[in-house]
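**Student:** The chain contents come next:
Number of protein chains: 4
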Amino acid sequence: MTDVTPHSDWKRKLHEVIYGTHTPAGKIFDIALLVLIVYSIIIVMLESVPRFDVKYHSFLNISEWVVTILFSIEYILRIICINKPRKYIFSFFGIVDFLSTIPKYLALFFVGSQYLTAFRALRLLRVFRILKLARFVGESNNLIKALRDSRAKIMVFVFFVLVVSVLLGTLMYIVEGPEHGFNSIPHSVYWTIVTLTTVGYGDISPQTSLGQSIATLIMIIGYGIIAVPTGIVSAQYASKKEGSNNVDGRSCPNCGAEIKREDADYCRKCGHKLEED
Amino acid sequence: MTDVTPHSDWKRKLHEVIYGTHTPAGKIFDIALLVLIVYSIIIVMLESVPRFDVKYHSFLNISEWVVTILFSIEYILRIICINKPRKYIFSFFGIVDFLSTIPKYLALFFVGSQYLTAFRALRLLRVFRILKLARFVGESNNLIKALRDSRAKIMVFVFFVLVVSVLLGTLMYIVEGPEHGFNSIPHSVYWTIVTLTTVGYGDISPQTSLGQSIATLIMIIGYGIIAVPTGIVSAQYASKKEGSNNVDGRSCPNCGAEIKREDADYCRKCGHKLEED
Amino acid sequence: MTDVTPHSDWKRKLHEVIYGTHTPAGKIFDIALLVLIVYSIIIVMLESVPRFDVKYHSFLNISEWVVTILFSIEYILRIICINKPRKYIFSFFGIVDFLSTIPKYLALFFVGSQYLTAFRALRLLRVFRILKLARFVGESNNLIKALRDSRAKIMVFVFFVLVVSVLLGTLMYIVEGPEHGFNSIPHSVYWTIVTLTTVGYGDISPQTSLGQSIATLIMIIGYGIIAVPTGIVSAQYASKKEGSNNVDGRSCPNCGAEIKREDADYCRKCGHKLEED
Amino acid sequence: MTDVTPHSDWKRKLHEVIYGTHTPAGKIFDIALLVLIVYSIIIVMLESVPRFDVKYHSFLNISEWVVTILFSIEYILRIICINKPRKYIFSFFGIVDFLSTIPKYLALFFVGSQYLTAFRALRLLRVFRILKLARFVGESNNLIKALRDSRAKIMVFVFFVLVVSVLLGTLMYIVEGPEHGFNSIPHSVYWTIVTLTTVGYGDISPQTSLGQSIATLIMIIGYGIIAVPTGIVSAQYASKKEGSNNVDGRSCPNCGAEIKREDADYCRKCGHKLEED
Chain A
1 MTDVTPHSDW KRKLHEVIYG THTPAGKIFD IALLVLIVYS IIIVMLESVP
51 RFDVKYHSFL NISEWVVTIL FSIEYILRII CINKPRKYIF SFFGIVDFLS
101 TIPKYLALFF VGSQYLTAFR ALRLLRVFRI LKLARFVGES NNLIKALRDS
151 RAKIMVFVFF VLVVSVLLGT LMYIVEGPEH GFNSIPHSVY WTIVTLTTVG
201 YGDISPQTSL GQSIATLIMI IGYGIIAVPT GIVSAQYASK KEGSNNVDGR
251 SCPNCGAEIK REDADYCRKC GHKLEED
Chain B
1 MTDVTPHSDW KRKLHEVIYG THTPAGKIFD IALLVLIVYS IIIVMLESVP
51 RFDVKYHSFL NISEWVVTIL FSIEYILRII CINKPRKYIF SFFGIVDFLS
101 TIPKYLALFF VGSQYLTAFR ALRLLRVFRI LKLARFVGES NNLIKALRDS
151 RAKIMVFVFF VLVVSVLLGT LMYIVEGPEH GFNSIPHSVY WTIVTLTTVG
201 YGDISPQTSL GQSIATLIMI IGYGIIAVPT GIVSAQYASK KEGSNNVDGR
251 SCPNCGAEIK REDADYCRKC GHKLEED
Chain C
1 MTDVTPHSDW KRKLHEVIYG THTPAGKIFD IALLVLIVYS IIIVMLESVP
51 RFDVKYHSFL NISEWVVTIL FSIEYILRII CINKPRKYIF SFFGIVDFLS
101 TIPKYLALFF VGSQYLTAFR ALRLLRVFRI LKLARFVGES NNLIKALRDS
151 RAKIMVFVFF VLVVSVLLGT LMYIVEGPEH GFNSIPHSVY WTIVTLTTVG
201 YGDISPQTSL GQSIATLIMI IGYGIIAVPT GIVSAQYASK KEGSNNVDGR
251 SCPNCGAEIK REDADYCRKC GHKLEED
Chain D
1 MTDVTPHSDW KRKLHEVIYG THTPAGKIFD IALLVLIVYS IIIVMLESVP
51 RFDVKYHSFL NISEWVVTIL FSIEYILRII CINKPRKYIF SFFGIVDFLS
101 TIPKYLALFF VGSQYLTAFR ALRLLRVFRI LKLARFVGES NNLIKALRDS
151 RAKIMVFVFF VLVVSVLLGT LMYIVEGPEH GFNSIPHSVY WTIVTLTTVG
201 YGDISPQTSL GQSIATLIMI IGYGIIAVPT GIVSAQYASK KEGSNNVDGR
251 SCPNCGAEIK REDADYCRKC GHKLEED
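Chains as they are written, first to last, in full-length UniProt numbering: chain A, 1 to 277; chain B, 1 to 277; chain C, 1 to 277; chain D, 1 to 277.
Certain hints may be false.
Straight-line distance between alpha carbons at most 25 Å, and here's what the computed SDA-like set of lysine to any residue pairs gives [stated by the list, open to error]:
1) Lys11(A) <-> Pro24(A)
2) Lys55(A) <-> Asn183(B)
3) Lys145(B) <-> Ile220(D)
4) Lys27(A) <-> Leu77(A)
5) Lys145(D) <-> Asn141(C)
6) Lys145(C) <-> Asp149(D)
7) Lys145(B) <-> Val158(C)
8) Lys87(C) <-> Leu77(C)
Derived by calculation from the structure, the hints in this document are not laboratory data.
With these hints in hand, go ahead and build the complete structure from the sequences.
**Tutor:** Below, the structure is given as structure tokens:
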């Protein structure tokens, strides 16, 4: 995972357990951490349900403290057993680990500040560590790569959707007006996106014939252009897959260049004649 | 279907009728069973409609008993005429067959226990036997294979959707709060999934500007990432299809080139005449 | 369009105008008919709007009669000028033409019978004739062909969706029950399909935690499996397109068989050596 | 962008700044314009929110005037510094620029006419100029090209959706009738499109069993045929992409084989060294 192995022997062993996933101890540690994270998420969720919070308040509070202390110990151990602590502390997961530990301590000093829940919720981000465990890493990397490669296309698409929503939302505001629930342009734009993405809450819906006609238009646009991101990702995914077929392909015995076309008789890089294998 | 044919002659014939689909008697049996299953489903459904149940209670009850007894006979015959009954009894359809027969008998002893309906509903699973009948088996196998091959990818995707839903649902709980219907984090997560999957019931909808902005974000994410499973299945389906042309493919005995078209009589590479196999 | 040309000269001319689309007169006739069909649809629609019907009742009624008489004349001319009237009368469009003409006459004898509107609505089917006009025929044929080829796959998929809906709908009926709006199993199945297809009216929505969890599951299934029909049609469409590439491809000069692979050096049917062109 | 460069030196410089995007000054101008457009959109939006309009009316009004005057200056400069002003004035962006400037002036003479907002909203169209700035031009051109190429197919599809909606909408009007909210055929058709596109507001929903069955059918059709536009755009996108690899492709000067990889230095068929062009 990381090449910053510590010098002293116990540090190296600790490092293997905490950061490694290959040793039995490392696997057990990861699974235990996973259970703890899921447990902490369930606690945060149950605390928000009034029915549960009234009944089991002290139990939930103690559980929170136990989880927080365990997370704190883990955080400190992670810093100790690594060679370059700074690199971990300012990494994405380092910051998430810190932010998911600190709110409970802060709650001691700033009692009643419910906005700290916001930070406690960040603990959920640690679930992404689960991916490190599973054999799904390869698949998820593929997905992320396909999404990253089509990022520019998707941004253009989202931008286009937003502009269309602003234009049609303004039109709906003019046509329907505040008396039918279209209170303001931002609210109309919100409604347009609700309709365009085929979510359709129904808290506001057009009342005039003209408004319903425009709504129909928006729906058909939304129904039609959903094809665009799908087409993009499909094409990207297919092309990426094609590319990956060549990973275990042949390479030129002369210059080592990958042979990208199955039907090539000569290396495209050095012109070396390829023997059939 | 199964190679465990019974020894005695009448058992073999019965086996052919019940398990086989090639003989005329076997086909008639399967179609009769199909009609009975659909009929039993309709009865269960109608029993649940108060209007019908009041009017035709005794008719529905008698029908239930007739279906139950016929299913019981079929279940016993299936056990008798097979060589290794244990194999059938503990197979998926064996368990479904048993569970779809037993609840009506149990209802004799535990009167009023309406939760037995749950088990009676399992009878519906037998509908899947219909697939055995039809020429759709091939198509449905293809579909199942494509889905099975992309299982890991789809699980990563569903996991990603769930994590995003938990994060954004928590955010919505903090932003909107119980006063706008977002009673608890689990309820907010439920709402987030309703929005992300573009279902949009509208029983809860954000009231604050910030909440509506986040809702807009969730919708656009949901609208955008629907492309991901589609891309996965499309690619899988396309690749499987391509592959299937060659899976049991012949190659030219003269030059070794792959025979890419099933209807080829001569090798497209060396012109060698291909023998029929 | 049809090879049953009439014998007499004026019949042949009339046939060219009514059935043909190549002569200027034929084009004018088709466009006039198109305008008339759209006009008749608008009238049927406006008649159903109470506000319009009260105001312009006599105008709408007269318009209906004019359209009906013109359609009657067209229907009679179509029968006269064709060689085998029986073939037209019992064709799809022949029946539609008849059914779209007759209701207004029937209304004279069975006054007040508003169910005749049902037949009058069939007139709308004639809109499909518009496709004959446009250059869109090719595109629409392609679409229809792609859909027809993937018919078996789509039926398996729809069947699967229905079985899943019946199972999960029954489960929701047991979990939520009539007190939360899930009155009966058919109603619950209806709700399940509303949710699975991501329509989500919100007229009924689950109230219990377990019900909302199952609803979440249904949504994610619905959100995930929408990829399946898309994948099917995409693959079908792509493969059909590939196939059509060969239409203006090479054919074997020896046996006339189509050359389906670009890289073929020998005919796959007769083994004839192919020259590069 | 345009080859109509002005004669005089200051005009050429101004032209470079306003129309060009390559010089530093041109980039700064474009970014400033972008900020101004977004700012003007935000003002139009905030003006429509009663809460904001009451509080900051004079500030918003002055901002509007400043933006309007700046846009006016820009419009005049664009006309001055171009060789053929007529070409710009009657171009798409020329008309948008004019229409987004004029309403504020008109408001001086026709006070109270709130319908002028409609024209002020057109200013939003100028956002499309942002695309000129970004490196997303290529991507957006690809998207537009893919959409344009599949225009005929998409129109056939939309036409098909509309005809199906009219037919099923009429059927629902007959089945459900005005007493369940299906007031008229146009209203029923509107409801059908809301359902078919899986938007599902829920302001109207069928009450009878038959109505709910037809609604189920509409949903499954809508859920199924969403695959069609997706398949079209996917196929179009994939084919365009494939094509673009070879469109300006080289072929081997020795054997004439197509050069399929951009980075090839030797022909993959005959091993001939390829010169850089």
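**Student:** Could you run down the list of hints and mark each one as holding or not?
**Tutor:** To see whether the hints hold, each was checked on the structure:
1. Lys11(A) <-> Pro24(A): holds, 17 Å
2. Lys55(A) <-> Asn183(B): Judged against 25 Å, a Cα distance of about 17 Å means the pair holds.
3. Lys145(B) <-> Ile220(D): holds, 23 Å
4. Lys27(A) <-> Leu77(A): holds, 17 Å
5. Lys145(D) <-> Asn141(C): Measuring from Cα to Cα gives roughly 23 Å; hence the hint holds.
6. Lys145(C) <-> Asp149(D): The given pair, whose Cα atoms are some 20 Å apart, holds under the 25 Å limit.
7. Lys145(B) <-> Val158(C): holds, 17 Å
8. Lys87(C) <-> Leu77(C): This hinted pair holds, its Cα atoms lying about 15 Å apart.
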